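Asker: Whenever a hint applies, use it, and build me the whole structure from the sequences.
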Amino acid sequence: MDESALIRSAQRGDLEAFNRLVLAYQDALYNTALRILNDADLAADATQDAFLSAFRGLNGYRGGSFRAWLLRTVTNACYDELRRRKRRPTTPLEPINEDDDNVESPRWLADPNLSPEAQLEQAELEHAIQHCMDGLPTDFRAVVVLADIQGLDYAEVAAALRKPIGTIKSRLARARLRLRECLQAFRELLPSAFRLEEELGI
Amino acid sequence: MTAASFRDIKQLSAYLDGELSQAERARLESRIARDAGLSAALDELRTTRALLRHMPRRGAPHSFTLTPKMAGLRPPLPRAVPVLRFASVVAALLLFVSFAGNLLGPITMAAQAPAPQELAPAYGGGVGGGPAETAPEVTDKGLVFEATSTPEANALLAPAPMLEATLEATPVPGTPTLEQPTPTGEIAVLEQPIIPLSAPKTMPEEKVKPPFSLSPMQISLLSLAVILGFAAFLLRWRTNRAFTRKVKSQK
Chain X
0 MDESALIRSA
10 QRGDLEAFNR
20 LVLAYQDALY
30 NTALRILNDA
40 DLAADATQDA
50 FLSAFRGLNG
60 YRGGSFRAWL
70 LRTVTNACYD
80 ELRRRKRRPT
90 TPLEPINEDD
100 DNVESPRWLA
110 DPNLSPEAQL
120 EQAELEHAIQ
130 HCMDGLPTDF
140 RAVVVLADIQ
150 GLDYAEVAAA
160 LRKPIGTIKS
170 RLARARLRLR
180 ECLQAFRELL
190 PSAFRLEEEL
200 GI
Chain V
0 MTAASFRDIK
10 QLSAYLDGEL
20 SQAERARLES
30 RIARDAGLSA
40 ALDELRTTRA
50 LLRHMPRRGA
60 PHSFTLTPKM
70 AGLRPPLPRA
80 VPVLRFASVV
90 AALLLFVSFA
100 GNLLGPITMA
110 AQAPAPQELA
120 PAYGGGVGGG
130 PAETAPEVTD
140 KGLVFEATST
150 PEANALLAPA
160 PMLEATLEAT
170 PVPGTPTLEQ
180 PTPTGEIAVL
190 EQPIIPLSAP
200 KTMPEEKVKP
210 PFSLSPMQIS
220 LLSLAVILGF
230 AAFLLRWRTN
240 RAFTRKVKSQ
250 K
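Those protein sequences? They're chains X and V, same order as listed.
Start counting the first sequence at 0; every next residue gets the next number (numbering that gives the first Met the number 0).
Start counting the second sequence at 0; every next residue gets the next number (numbering that gives the first Met the number 0).
Please note that the accuracy of each hint is not assured.
[Claimed, not checked] Some chain X residues near chain V, calculated using beta-carbon distances under 8 Å:
no.: 1; residue: 14
no.: 2; residue: 18
no.: 3; residue: 25
[Claimed, not checked] Derived DEER-like restraints, expressed as beta-carbon distance ranges:
no.: 4; chain 1: X; residue 1: 7; chain 2: V; residue 2: 239; range: 38 to 46 Å
no.: 5; chain 1: V; residue 1: 96; chain 2: X; residue 2: 161; range: 38 to 46 Å
no.: 6; chain 1: X; residue 1: 78; chain 2: V; residue 2: 23; range: 29 to 37 Å
no.: 7; chain 1: X; residue 1: 186; chain 2: V; residue 2: 16; range: 33 to 41 Å
no.: 8; chain 1: X; residue 1: 56; chain 2: V; residue 2: 96; range: 22 to 30 Å
no.: 9; chain 1: V; residue 1: 81; chain 2: X; residue 2: 154; range: 33 to 41 Å
no.: 10; chain 1: V; residue 1: 33; chain 2: X; residue 2: 58; range: 31 to 39 Å
no.: 11; chain 1: X; residue 1: 180; chain 2: V; residue 2: 242; range: 27 to 35 Å
no.: 12; chain 1: X; residue 1: 78; chain 2: V; residue 2: 52; range: 38 to 46 Å
no.: 13; chain 1: X; residue 1: 40; chain 2: V; residue 2: 79; range: 39 to 47 Å
no.: 14; chain 1: X; residue 1: 83; chain 2: V; residue 2: 99; range: 50 to 58 Å
no.: 15; chain 1: X; residue 1: 129; chain 2: V; residue 2: 25; range: 35 to 43 Å
no.: 16; chain 1: X; residue 1: 40; chain 2: V; residue 2: 218; range: 54 to 62 Å
no.: 17; chain 1: V; residue 1: 60; chain 2: X; residue 2: 56; range: 22 to 30 Å
Quick caveat, the hints were computed from the structure, so don't treat them as lab data.
In this text, all values refer to a predicted model and were calculated from it rather than measured experimentally.
Glycine included, each C-beta is placed from N, C-alpha and C at the ideal position.
Answerer: Structure, rendered in structure tokens:
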């Protein structure tokens with residue numbers, strides 16, 4: 000049974016058909032939540048909430064990229080979680096401008112309590128990138144996760160985040176710029192990461 | 000070599016994603032070829048993009064499939080269930096109405112008939128502080144007791160004249176002896192409540208019985224309410240069980 004047939008069955012209340020879609024997309028949704036929230040348990044909760052709200056609101060899906068539609072539910076669940084976290088802040092956030100422009104370049108939030116050895120350990124590629132992404136405003140982070148980590152095109156990202164393509168283009172460029180600046184701080188710590196450039200032939 | 004502006008960065012970023020029109024791409028490529036600054040910015044952006052795109056993918060830690068309970072799905076309810084439930088409620092309501100009729104009946108009758116309290120003063124009440132219903136009995140016995148002296152009363156009353164006689168014969172000064180005759184009178188009064196205690200025993204039993212007895216109609220209504228309610232519950236339970244079995248077998 001192809002995807003559109005499964006979606007139609009699920010829209011009629013067929014839970015088995017919906018669960019087949021869940022199995023097909025659960026990795027993408029979980030990975031997106033994990034990269035936005037940077038917490039495995041919260042990401043699992045957000046993924047489950049997303050699938051639940053997707054099933055309940057499935058009749059609201061009117062065609063287009065189903066992946067983008069599902070990713071919208073998970074980004075919304077992540078935003079809800081981040082709002083909850085903001086009400087009970089544990090880490091001071093870096094101030095940003097409301098218009099997303101001329102913001103001071105974000106510094107990766109190095110933990111001063113960590114020893115240089117520990118910082119070196121922490122500076123693996125994945126941790127370094129995740130660390131830099133955590134320094135981005137949520138809207139920017141969501142664009143980067145959807146476009147670069149999930150590999151959505153601009154139209155899909157725009158559909159998932161309900162923003163114009165121009166905004167997506169602008170935010171993605173700014174996010175990459177900030178990540179580039181942030182990752183430069185790891186250049187010496189992460190020689191292998193930057194060797195990747197040569198390995199990848201880019 | 001000039002530093003790339005944000006507008007340039009935006010174009011370079013979209014260029015890497017293949018999101019530029021053919022004309023835009025051609026224009027940008029010619030600029031990159033001429034401007035080393037743009038070329039360097041493009042390389043940096045490309046590296047950053049490649050790093051992001053090579054982030055390890057984390058798979059789902061467990062299955063996120065939904066259960067019917069999570070999805071809030073319920074099996075289709077058999078048509079008989081609401082019918083049975085409604086019939087059970089109607090039977091229970093009728094039973095309640097019949098009970099209310101039983102309770103209201105004696106009250107309305109009592110309002111029409113003379114109240115028992117009104118009879119008490121006729122017998123010269125104030126003899127005892129007991130319940131109004133037993134008051135006439137108490138006064139009755141009291142009156143009988145005073146009118147026809149029993150042998151016990153006679154025995155109690157007997158010393159009184161003897162004491163009085165001795166008092167009259169030998170006038171000894173001292174108050175205690177003078178007060179002696181009074182207890183005999185009090186004994187007679189105290190005796191009065193003792194006698195009627197056994198008398199009213201049979202009365203409440205006859206009066207309490209009627210409200211707790213069920214008429215055949217009430218018994219059948221009660222049975223109907225219970226049986227129909229149970230049948231509705233049983234049918235619902237069996238449907239739910241069959242539904243969960245079906246879902247499990249599908250999984």
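Asker: A separate judgement is required for each hint: does it hold in the structure or not?
Answerer: These are the hints, each one checked on the structure:
About 6 Å separates the beta-carbon of residue 14/X from the nearest beta-carbon of chain V, less than 8 Å, and the hint is met. Below 8 Å, beta-carbon pairs count as interface contacts, and residue 18/X has one with chain V at about 4 Å; its hint therefore holds. A cut of 8 Å between beta carbons decides the hint on residue 25/X: the least distance to chain V is about 4 Å, and the hint holds. One distance hint, 38 to 46 Å for the beta-carbon pair residue 7/X and residue 239/V, is violated here, with the actual separation near 27 Å.
Distance hint check: the CB atoms of residue 96/V and residue 161/X are about 59 Å apart, inconsistent with the given range 38 to 46 Å. The supplied range of 29 to 37 Å is met by residue 78/X and residue 23/V, whose beta-carbon atoms lie about 32 Å from each other. Evaluation of the 33 to 41 Å hint for residue 186/X and residue 16/V yields a failure: the beta carbon distance comes to about 24 Å. Separation of residue 56/X from residue 96/V is about 47 Å and departs from the stated range, judged on CB atoms against 22 to 30 Å.
At about 49 Å, the CB distance of residue 81/V to residue 154/X disagrees with the hint of 33 to 41 Å. Taking 31 to 39 Å as the suggested C-beta distance range, the pair residue 33/V and residue 58/X does not conform, at roughly 54 Å. The hint said 27 to 35 Å for the Cβ distance between residue 180/X and residue 242/V, and at roughly 57 Å that hint is violated. Between residue 78/X and residue 52/V the beta carbons are some 24 Å apart, a value that contradicts the proposed interval 38 to 46 Å.
Range check, residue 40/X to residue 79/V: Cβ separation about 46 Å, and the 39 to 47 Å hint holds. Separation of residue 83/X from residue 99/V is about 53 Å and conforms to the stated range, judged on CB atoms against 50 to 58 Å. Judged by the Cβ atoms, the range 35 to 43 Å given for residue 129/X and residue 25/V holds: they are separated by roughly 37 Å. As the Cβ distance of residue 40/X to residue 218/V is approximately 59 Å, the hint placing it in 54 to 62 Å holds.
One distance hint, 22 to 30 Å for the beta-carbon pair residue 60/V and residue 56/X, holds here, with the actual separation near 25 Å.
The structure is inconsistent with the numbered hints 4, 5, 7, 8, 9, 10, 11, 12, although it conforms to all the rest.
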